[in-house]
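Novice: Dock chain L against chain X, hints included.
Number of protein chains: 2
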Amino acid sequence: MSSTRQKLIQLLQENDTKYISGQYLSDKLNISRTAIWKHMNELKKDGYVIEGKANRGYRIISYPNKVSENTVRWNLQTEWLGKHVVHYESVPSTQPVAHKLAQNGASHGTVVIANEQTEARGRMDRPWYANTDKGMWLSIVIRPTIPPYIAPQLTLLTATVLAEVLADEVGVQAQIKWPNDLLINGKKVAGILTEMQAEQDQIQYVIIGIGLNVNQTREDFVDEVAHRATSLFVETNKEWDLVPLIQRILETFEAKYTEYIADGFHQVKKTWEDYGFKLHETIEIKTGKERWKGVFLGVAEDGALLAKRICDQVVKKVYSAEIAWFD
Amino acid sequence: MSSTRQKLIQLLQENDTKYISGQYLSDKLNISRTAIWKHMNELKKDGYVIEGKANRGYRIISYPNKVSENTVRWNLQTEWLGKHVVHYESVPSTQPVAHKLAQNGASHGTVVIANEQTEARGRMDRPWYANTDKGMWLSIVIRPTIPPYIAPQLTLLTATVLAEVLADEVGVQAQIKWPNDLLINGKKVAGILTEMQAEQDQIQYVIIGIGLNVNQTREDFVDEVAHRATSLFVETNKEWDLVPLIQRILETFEAKYTEYIADGFHQVKKTWEDYGFKLHETIEIKTGKERWKGVFLGVAEDGALLAKRICDQVVKKVYSAEIAWFD
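Just so you know, the sequences run in chain order X and L.
Terminal number for the first sequence in the working numbering: 362, no gaps in between.
Terminal number for the second sequence in the working numbering: 362, no gaps in between.
If you're looking for bench data, these hints aren't it; they were derived computationally from the structure.
Source: prediction; values computed, not measured.
Careful: at least some of the hints might be erroneous.
One copy or any two copies: either way a pair holds, since identical chains are not told apart in the list.
[Said to hold, decoys possible] DSBU-like mimics (lysine-lysine), calculated; alpha carbons at most 35 Å apart, straight line:
#1 K42 to K73
#2 K118 to K324
#3 K222 to K352
#4 K343 to K79
#5 K42 to K101
#6 K352 to K79
#7 K169 to K321
#8 K291 to K351
#9 K352 to K291
#10 K343 to K212
#11 K313 to K118
Okay, chain X solo, but in the shape it has when bound:
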């Protein structure tokens, strides 16, 4: 989009409760009133609803329901998260883009968002199906002032953000499967991929990637995942507008993150355990070397999983594992 177009949208959005005159816009943008009028027509074609009143000027009524830099930022109620949004129609994956931006100095709170990802991946480099504009695919760049060894807490924090937004906005009760998935009725609706670059004792940056299945139908899921994936549409029989969902997620993330940095992990841990999948039940834990059954006790202060091993009743702290369960 041309920078004049972007500036125009910004001016309209800064003044979205009142009319602004064509003359004011023309002065500010240093273009003719005819040019302003042409831009307005283009915006309307894109789905913007703009009211034009003689002698009063222009006023933006609504944005197109399409994920873009402008729609995400319009009316977003945050202090620092999403103030800089980098948007792609289609990108192999938002995660490496965010890494590159962070390495080049992108600020805390930068968001990379795509309508479609063609080569998305989850934890352990597993593929994640995001070749559709029916999901929410974004990566957040943050620069937390916490020591690297507690960074896994950020995955748990993000999971609680998603669980709460799904409960409050969509009315579905999701569960968090340790460490990084959200399930509805036992099927995966969202995944989180937290990656960081760090020195010995300080984090340079963290990228939090979030994939959320929103409007996919059952038929949209490829065969490999159909039996274990779901979407908000499948669960609620209703299509969901992506933009407000994204905004609620960013707003909730900012609020919870701010509280976490100020007060520590306590509240996150508590909320996480409210949504924890199979908490207090017997699960099977598979690590690289071993496989054992235990009672899932909760999450430790550093984000590890705590489980009491059945065979010897020893409480074990697990940093990396797959968990399986028994229905």
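Specialist: Below, chain L alone, put in the same frame as chain X:
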């Protein structure tokens, strides 16, 4: 260097105990014997000593004492470390080059080395003076199969490698100042910068940057660091060949790393404490928020510093701090 030149050096080096005929080289490289002869003369100009005997052929006697891909690799006694060497005459910093290589899939054990770094930096982005070919400046790419939270152990491991090579090869007793510096007589001779990219529960790669002051004179140090920096030359009054030092460091690193992956941190911790600066003494610990005096007890299992606070005799575990001391 042309790939023919590199291939020629490789053929000579693979056969460095016996003569190889000009005809054999000509066949292998698909160039004329006159071209071979011209290449040999160029190599001699670069400082290679090559013996040519009528009816027997060529044999390499010695390499130039100049850091390059070939000189570092020739006779290097390692299995995987330094099998791939990327060399620069001058580079802003070897560390970001190594990051980029790692992100593009560089293998475990790749080494980036430069004769000079123009924008080197240490921990916390502090400048490190490496605008000279009198030091050793390199970055190692490794892909350790350890959980991210114990990655700080790798800095301590690297410090023990440097301390042992300095003791064995140079005959100087260095001390390791937690977490990442080596001192001789209280002045900094080497620094280590460990950076990683990691997911929640697995390391993607670690870059270990090492800077070692070798042949600098007192006058070579810029004013800001002159009072607290030293070099092997300053301490021993002797110039040191860089290539053998680099090779001993890579070989010792590989050996200690292999032992560490197989047997854990125990031996590293023990060696570290043998060289630990101000161990069992009173030090001052400065973290972002506070400043206190304590007795330095050693390093914890996860690489943190352990100190008993003077004011209340509580043992504290410190992940990020500056330490100061009292002479």
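Novice: Hint by hint, note whether the structure agrees.
Specialist: Now the hints, each set against the structure:
Taking the shortest alpha-carbon separations for K42 and K73, only the intra-copy value of 15 Å comes in at or below 35 Å, while the best inter-copy value is 64 Å. For the homomeric pair K118 and K324, the shortest alpha-carbon distance between copies (29 Å) is at most 35 Å, but the shortest distance inside one copy (44 Å) is not. Taking the shortest alpha-carbon separations for K222 and K352, only the intra-copy value of 26 Å comes in at or below 35 Å, while the best inter-copy value is 41 Å. Proximity of K343 to K79 under the C-alpha cut-off of 35 Å is found in neither arrangement, the shortest distances being 60 Å within a copy and 68 Å between copies.
Taking identical chains as interchangeable, the C-alpha atoms of K42 and K101 lie at most 35 Å apart only when both belong to the same chain, with a minimum of 19 Å there against 56 Å between chains. For the homomeric pair K352 and K79, neither the shortest alpha-carbon distance inside one copy (56 Å) nor that between copies (60 Å) is at most 35 Å. In this assembly of identical chains, the alpha carbons of K169 and K321 lie at most 35 Å apart only when taken from the same copy (33 Å versus 51 Å across copies). For the identical chains of this complex, K291 and K351 are neighbours both inside a copy (28 Å) and across copies (29 Å), given an alpha-carbon limit of 35 Å.
Proximity of K352 and K291 under a CA criterion of 35 Å is satisfied in both settings, with 25 Å inside one chain copy and 27 Å between copies. In this assembly of identical chains, the alpha carbons of K343 and K212 lie at most 35 Å apart only when taken from the same copy (17 Å versus 39 Å across copies). For a Cα distance limit of 35 Å, the shortest separation of K313 from K118 qualifies neither inside one copy, at 37 Å, nor across copies, at 47 Å.
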